[in-house]
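Residue numbers (numbering that gives the first Met the number 0), protein chains in the order written: chain B, 0 to 327; chain V, 0 to 454.
By construction, these hints were calculated from the structure, which means they are not laboratory data.
Being a predicted model, the structure only gives us computed values, none of them experimental.
Yeah, the Cβ is synthetic: ideal placement off N, Cα and C, and Gly gets one too.
The reader is advised that the hints may include incorrect statements.
Capping the alpha-carbon separation at 16 Å, the derived lysine to aspartate or glutamate pairs in EDC-like fashion look like this [what the hints assert, rightly or not]: (1) V:Lys107 / B:Asp82; (2) B:Lys160 / V:Glu221; (3) V:Lys271 / B:Asp166.
For each label pair, taking beta carbons as the anchor points, the in silico distance ranges come out as [claimed, not checked]: (4) B:Phe118 / V:Lys107: 42 to 48 Å; (5) B:Leu52 / V:Leu55: 46 to 52 Å; (6) B:Leu318 / V:Glu74: 46 to 52 Å; (7) V:Gly270 / B:Leu125: 39 to 45 Å; (8) V:Lys173 / B:Pro83: 53 to 59 Å; (9) V:Gly376 / B:Leu89: 46 to 52 Å; (10) V:Gly376 / B:Phe62: 55 to 61 Å; (11) B:Val148 / V:Trp247: 37 to 43 Å; (12) B:Val148 / V:Lys163: 42 to 48 Å; (13) V:Gly270 / B:Ala311: 51 to 57 Å; (14) B:Val148 / V:Ala325: 48 to 54 Å; (15) B:Ala308 / V:Glu187: 53 to 59 Å; (16) V:Ala84 / B:Ser314: 26 to 32 Å; (17) V:Ala84 / B:Val109: 28 to 34 Å.
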Amino acid sequence: MTVLQPGSSSSAATTSEVAAAPPRSAGKARRRTARPGRQGRRTGTGLATLVFLLPTLLAFGYFAWWPIGRSVILSLQQTNLVDPPEWVGLENFTYLFSDPLLWTTLRNTVWFVVLAIVFGFPVPILLAVFVSELRRLGGVFRVLVYLPVVIPPVVAVLMWKWFYDPDFGLFNQALGVVGLGPYPWLQSASTAMPSLVLESTWAHAGGTVLIYLAALGSVPTELYEAAEIDGASILRRLWHVTLPQLRGVILIMFLLQIIGTVQVFTEPFVLTDGGPEDSTVTVLLLIYRYAFINGDYGSAAALSVLLAALLALLSAGYLRLTRRWSTT
Amino acid sequence: MRARLSGLLACAAAGSLVLGLSACSGSEPAADGGKITISVSDMPPTTQEKSRQQFLDRVAKFEEANPDIKIEPSEAQWDAKTFAARLAGGQLETVFIVPLTEPQGMIKRRQIADITDELKALPHAADFDERALSPATDSAGRHYGLPTSEFALSLVYNRELFTKAGLDPDNPPKTWDDVRVAAKAIFEKTGIPGYAQPTTTNGGGWLLTAMTYTRGGRMEKEQDGKWVPAFNDAPTLQTLQWLKEMRWTDNAMGAQMVRASADVLKDFSAGKVGMHIATPSTYGDHITKYNGNPEMFGVTALPSGGTNATLIGGKMAVVSPKASHAERAAAVKWIDYYYLQPKYDVAIAESRAQTQAADKLPVGIPAVPFYGPAVDGPVTEAVNKHANVPVKNFAPFLTGSQQQEFVPEPTVAAQDVYAALDTVMQAVLTRQNADPAAELAKAEDRVKPLLERAQ
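With these hints in hand, go ahead and build the complete structure from the sequences.
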């Protein structure tokens with residue numbers, strides 16, 4: 000009988016003990032450790048800490064927070080990057096909402112996210128379970144699964160562009176051998192987006208698989224042993240033991256996947272340039288066009304701000320809704 | 000006291016970091032010991048050893064002839080993705096080279112300098128062919144750029160596939176109907192797509208514009224003092240109908256429809272495309288980038304749909320809007336010295352051609368003349384002495400293009416027009432039941448507010 004391979008029991012127990020530590024105790028511990036800090040501040044250690052922290056804060060401030068602030072300011076301006084910018088109030092936002100392409104773009108992006116969640120989200124979980132099940136060659140499969148992540152994204156996308164070529168591409172040639180196709184892949188408005196999702200899932204699943212594998216390693220073996228004694232099948236063990244134990248990681252990965260897929264850019268930029276018939280123009284591609292094709296930096300910033308606000312709201316709502324189920 | 004010391008330390012840390020960052024942000028070209036320093040882009044890369052050396056020699060000679068000017072050459076080339084950041088960060092060269100599709104948008108955004116006064120002081124200024132200057136001339140007649148290389152859009156065809164299909168490669172198509180017949184013959188005899196049409200990165204709209212011009216149409220028209228879309232009309236519709244029939248009735252275009260001009264050229268060089276629209280200068284990439292066979296490259300004038308017209312493509316030299324008056328004058332002097340002298344000075348033209356041929360770069364590709372025949376004639380003759388391209392393959396183009404009118408690009412928001420027309424072309428070429436008239440109407444609705452906003 001196949002046994003789910005959760006890793007060594009001693010390490011799992013240690014991890015689970017740490018994970019199972021009650022939050023209240025942790026809070027007390029934090030409060031306890033906070034006292035010397037206050038003491039330290041009184042003796043000047045706090046200022047020294049601040050001085051040591053300052054380069055990091057400044058670097059973050061200059062390269063992350065300041066650009067975010069500048070984007071918000073830029074979204075209210077029109078600039079040619081030469082003359083002083085002109086304040087235009089909400090004109091850039093008004094323009095965005097009058098651009099018919101915005102709604103197409105939002106629909107496309109939501110469609111990509113849905114497809115990526117429906118098809119792309121379960122794949123890494125299943126792959127992780129599969130790899131963790133292997134008694135032999137587990138290392139080889141880990142490498143194979145992670146390999147696409149190592150390939151530079153543009154190289155990977157260009158490789159898939161060749162796979163998808165309707166005349167000479169690998170997929171149609173291979174499917175032709177068994178009498179299937181030819182399929183239009185990127186050449187049809189209805190199949191272009193699923194084709195992008197397929198490439199994206201292949202390219203990004205590896206990193207997520209590693210995270211799930213690490214999480215699987217912390218699942219106590221006793222749970223599987225107990226389930227096995229109770230006669231649970233592999234699917235029931237997966238459903239009743241593995242998935243509940245991975246709950247915290249799954250919830251976070253789900254949110255990260257939504258945030259990541261909403262920001263899809265490389266695939267439509269390289270494979271289709273938003274076509275055919277605007278069916279793969281995503282929000283980021285539209286931002287790119289505003290800024291770098293039309294030189295309309297104000298509208299590009301306005302759309303970036305809208306996207307960031309939308310993602311922040313979505314994340315906050317999601318975290319609030321899932322707080323009850325979260326293990327962290 | 001301790002708090003003050005800590006504050007000072009914090010300020011020092013912050014100051015050092017900010018100063019470090021400022022040091023990265025570049026600086027404006029500046030006077031250096033009484034000299035005007037300007038930076039110039041597009042120095043040939045080290046892989047083109049002789050051309051690079053000639054460039055550096057020319058820089059040295061220019062500095063010798065103009066002791067008050069110092070040149071800082073750079074290999075940087077135009078990249079739409081980095082332009083804004085380099086402009087804002089002060090990293091943009093004083094003289095930089097842009098594709099012909101860019102200057103009109105840059106003029107509107109005031110991102111390039113007005114060089115009208117400097118241009119008028121140049122040698123042979125009165126002999127300029129206005130068509131060559133038009134891509135960087137605004138509606139008031141002010142000039143913002145000088146041409147460095149310009150080529151008329153043409154029909155590029157595979158001479159070997161023509162022969163295999165029983166067509167005469169020395170008598171290429173002259174009308175769009177001829178193109179359709181040839182494409183069908185190539186596909187039927189060889190199984191290779193007879194004609195390919197780029198449809199992305201605004202290239203589809205750009206080519207549709209040129210094709211519309213050959214049927215007497217325009218993409219924009221002036222109405223009550225404002226520019227409005229004009230493409231929802233018979234000439235564009237006929238072109239789309241023609242494409243639709245080639246794609247779905249004749250099945251002569253293959254199945255790859257969502258691609259850019261560069262993708263088409265790559266396939267052409269690999270012998271996988273019979274004909275496509277491009278400039279004769281793509282012969283350079285055909286040979287040096289895609290290792291194509293020189294003999295298979297044929298080129299003729301853009302076919303006619305009742306009107307002899309075409310668009311021009313190529314590059315122009317423009318000047319940074321941040322340049323001072325003196326820097327701007329030095330910049331135009333350099334553009335004249337490096338890019339224009341070989342177009343009006345016979346000896347320099349011949350020497351440049353000789354060096355390019357030694358670097359195995361193509362010499363003898365027919366270009367749009369910058370000056371009238373009296374100036375251009377002897378120069379072209381001198382250059383052609385060193386021609387290393389198959390000259391006879393370019394003969395149909397030379398004959399056909401003489402009668403063509405060079406129509407400028409749409410006046411307002413050309414890139415928005417092209418983007419909307421990319422979508423129309425994709426609809427017609429990827430969806431069999433697409434209605435070209437309905438697609439054009441949709442594009443018109445999309446472009447109208449964009450043109451209004453741009454004026």
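Here is what the structure says about each hint:
Distance restraint check for Lys107 of chain V and Asp82 of chain B: the Cα-Cα separation of roughly 13 Å lies within the 16 Å cut-off, and the hinted pair is therefore satisfied. For the hint pairing Lys160 of chain B with Glu221 of chain V, the CA-to-CA distance comes to about 42 Å; that exceeds 16 Å, so the pair is violated. With a C-alpha separation of about 10 Å, the suggested pair Lys271 of chain V and Asp166 of chain B falls inside the 16 Å cut-off, and the hint holds. Checked against the hint of 42 to 48 Å, the C-beta distance between Phe118 of chain B and Lys107 of chain V comes to roughly 44 Å, which is consistent with it.
Checking the proposed 46 to 52 Å range against Leu52 of chain B and Leu55 of chain V shows it holds: the Cβ atoms sit about 49 Å from each other. Evaluation of the 46 to 52 Å hint for Leu318 of chain B and Glu74 of chain V yields a pass: the beta carbon distance comes to about 49 Å. In this structure the hint that Gly270 of chain V and Leu125 of chain B lie 39 to 45 Å apart at CB holds, the actual value being about 44 Å. Taken as a hint, the range 53 to 59 Å holds for the pair Lys173 of chain V and Pro83 of chain B, whose Cβ atoms sit roughly 54 Å apart.
Range check, Gly376 of chain V to Leu89 of chain B: about 58 Å between beta-carbon atoms, so the 46 to 52 Å window is missed. About 57 Å separates the C-beta atoms of Gly376 of chain V and Phe62 of chain B, a value consistent with the hinted range of 55 to 61 Å. For Val148 of chain B and Trp247 of chain V, the Cβ-Cβ distance of about 41 Å falls inside the hinted range of 37 to 43 Å, so the restraint holds. A hinted range of 42 to 48 Å holds for the C-beta pair Val148 of chain B and Lys163 of chain V, which are about 45 Å apart.
For Gly270 of chain V and Ala311 of chain B, the hinted distance range of 51 to 57 Å is satisfied, since their beta carbons lie about 53 Å from each other. Between Val148 of chain B and Ala325 of chain V, the C-beta spacing of about 53 Å keeps the proposed range 48 to 54 Å intact. The beta-carbon spacing between Ala308 of chain B and Glu187 of chain V, approximately 57 Å, falls within the hinted interval of 53 to 59 Å. Between Ala84 of chain V and Ser314 of chain B the beta carbon distance is about 29 Å. The supplied range of 26 to 32 Å therefore holds.
At roughly 30 Å, the beta carbons of Ala84 of chain V and Val109 of chain B sit within the given window of 28 to 34 Å.
Of the numbered hints stated above, those contradicted by the structure are hints 2, 9, listed in ascending order.
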